[in-house]
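Q: Chains as they are written, first to last, in my numbering: chain A, 1 to 283; chain B, 1 to 283.
Take these hints with a grain of salt, some might be off.
Note that the list lumps identical chains together, so a pair holds whenever it fits in one copy or between two copies.
[Said to hold, decoys possible] Taking lysine-lysine pairs in the DSSO-like style, the calculated list, with each CA pair at most 27 Å apart, reads:
#	residue 1	residue 2
1	254	85
2	259	283
3	64	283
4	243	85
5	85	244
6	64	212
7	269	259
8	138	259
9	269	254
10	154	109
11	259	212
12	283	269
In case anyone wonders, no lab produced these hints; they're calculated from the structure.
2 protein chains.
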Amino acid sequence: MFDQQKHVFNLWATEDQTPNMRLSLQATQTLHTEQTPYQHLAIVDTLPFGRVLFLDGIIQTTTKDEFVYHEMITHPALNTHGSPKRALVIGGGDGGTIRELIKYPTIEKVTLVEIDARVVENAKEYLPEISCELDNPKVEVRYEDGVKHVQEHKNTYDIICVDSPDPIGPAEGLFAKEFYQNLYEALTEDGIFVAQTESPWFTESLIRRVHKDISSIFPITKVMLAFIPSYPGGMWTFTMGSKKHNPLEVAADKFPGYKTRYYTPEVHKAAFQLPPFVQEMLK
Amino acid sequence: MFDQQKHVFNLWATEDQTPNMRLSLQATQTLHTEQTPYQHLAIVDTLPFGRVLFLDGIIQTTTKDEFVYHEMITHPALNTHGSPKRALVIGGGDGGTIRELIKYPTIEKVTLVEIDARVVENAKEYLPEISCELDNPKVEVRYEDGVKHVQEHKNTYDIICVDSPDPIGPAEGLFAKEFYQNLYEALTEDGIFVAQTESPWFTESLIRRVHKDISSIFPITKVMLAFIPSYPGGMWTFTMGSKKHNPLEVAADKFPGYKTRYYTPEVHKAAFQLPPFVQEMLK
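The shape of chain A in the complex, shown without the other chains (with noise of 0.2 Å):
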C-alpha cells in the first residue's frame, strides 16, 4: 500500500536538524497541522518513523521510536530511587513519560505540567499508543507553566522528568540555572530529576554548561546516552540530578519486572558509560 503511494505522490517532510543539516522522512499524509497559542504542531505519517509529531517543524516523537526516549527519560530515575510515590513531568504532553511513569508498581500519583493543552489533544487523538494512560486516574493534567509550578511546589515530588522540546521558544526556561535549583527544592529529601539535555555531536556547549549547572546545585549529577534515530545525530543525552540516590549503585535484584523495548538492568548500567569525547564534554 505504501509502494504504490510512494509513486504516485512524493511528499518529503523536512527538519532543518541543524542550520547546516537537514532529515528528510517521506511521507504519506499530514494528518493536521495548526498553529497553537504556543507553537505550530503537525501529525504526519511518514514511510521511515511512522507518525511523527513536529513542533516549529523539529520532530518531538514518533510511533517508531518513541518508546526510547520515553523508557530512558523515567525508568533510570524510578529505579535508582527504588520507592518513589509522587512524580512530576514538565512538557510531554504526548503522555509518553506518563505511560511509563504509571508501569512503576511504587508510584501514586503523577501530575503533567504541560503548557500547551493543544499538544495534549492532539496527542489524545492521534497518538493513542503514546498518549493511552493520559486519562488513568493516577494522573493529574495541569495547563500552566513549568517553571511557575516548581516554584510553587516544594519538598512535594520524588522523581522529575523535565521532558521538554529544544532549549529554544516556550522551553528556554526549562534550561536554565534557576530552574535546576528550584526543581532541587521542589524534590523530596531523596528525590531524583532527569531532564532531556541534547546531542554530544550538535550542542556540546548546552551539555557542559547544563552539567556543570546541575552539578553546583545536585550532590549527585550523572549523565546516560541513548539511541534515538529521529534526533540529529542519534545520540541523546539525558541528565540527572539526584539528592541521595546514586544510579550506578542500584542493585540488580531491585529492578521490578515490567516490559520495556529498550531499557533493562544492563542497559541502565550501559547507559552511564561514556565514551572519553563525551566525558571530556563534562570536565
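Given the coordinates of chain A, work out where chain B should sit on it, guided by the hints.
A: Just chain B now, kept in the frame of chain A:
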C-alpha cells in the same frame, strides 16, 4: 569563514539513507569526484561532519565521527583476543581501521585487502588523519578481492575486520554465509572476526540473517552497538564471530593503555548490552 560561505553558496550534499529517508549536509566544496573502476567516489567538505568520503552516494566516513567506527571495529576484538599478531582488513581503504589496529602492542603485521586502489589513493591525498598509518612498515596493502583472499589464506589471521560498505554492489559477497565460513578457516585457532552489520532500525532482516549465519559457524557470536551519527539512524551494529575468546569475559586489567576517543574497557562492556528490541532480532 564558513558563515560567510553559507550566505553566498547554498550547497547541499544529500544521501538517500533509505529509499524514504534523506540526510542533507551543507557543504562548502567538493574536493574531488571520480568514477573508479568499481564505484563513484566523492570527497566533500561539509559543515556538520567535516570532510566526508562518499562511495556511490553513501557516506563511508567523516572526519567528525570516524573515530567511533574505527575504534569499535578493532579494539573490542583486539582486547577480546589479548595477544593478536596478524590482522586482516577487508575493505577499509580509507585506512582508519589500519590506524587503530596498529595501536595494539602485540600486532606485528596488518594486511589490507581493498578492491579499489582509488579509495586508498584518495584517502592518502584528502583524508590524512584517517589514512596516516597506511605506509607503516607493519602494513601490507593489496588491491584484490577480499572474498578470494580469505579463500586462499587458511589458518593465517588472529583478527579479521570486515570493513565493508553496504551489502549492495561490490560488497555483496562480504555478507554471504560462504564468506563467513571462509573467514572461519582463514582465522587461527583462537581467531576473531568483526564486521560492520548495519542498522537495527532500518536493516533488521539483514542483522537477523547475518547473526544466524555467523552463529551457525562460530561458537561465540556477539552483536555490539555504537553511536555513529553520520550513518542512518545513528545506531550501528558490529557482529563478532570468535572461535574461543568471549568478549564479555575480558579482564579489566588486560586492556592496554592507548589513546582512544570512544572506546574504553567500560564502553567495551556496555556495547554488548542490547536493548530488548535488538535482542528480539537475534532470536
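Q: Taking the hints in turn, state whether each one holds.
A: Going through the hints against the structure:
1. 254 / 85: within (16 Å within a copy, 44 Å between copies)
2. 259 / 283: between (36 Å within a copy, 18 Å between copies)
3. 64 / 283: between (35 Å within a copy, 21 Å between copies)
4. 243 / 85: Classified as within; 16 Å inside a copy, 49 Å across copies.
5. 85 / 244: within (16 Å within a copy, 48 Å between copies)
6. 64 / 212: between (33 Å within a copy, 25 Å between copies)
7. 269 / 259: Cα proximity of residue 269 and residue 259: in one copy and across copies (18 Å, 24 Å).
8. 138 / 259: Intra 20 Å, inter 50 Å, cutoff 27 Å: intra-copy only.
9. 269 / 254: both (13 Å within a copy, 21 Å between copies)
10. 154 / 109: Cα proximity of residue 154 and residue 109: one copy only (16 Å, versus 64 Å across).
11. 259 / 212: between (34 Å within a copy, 26 Å between copies)
12. 283 / 269: Both. Shortest intra-copy (21 Å) and inter-copy (23 Å) distances satisfy the 27 Å Cα cut-off.
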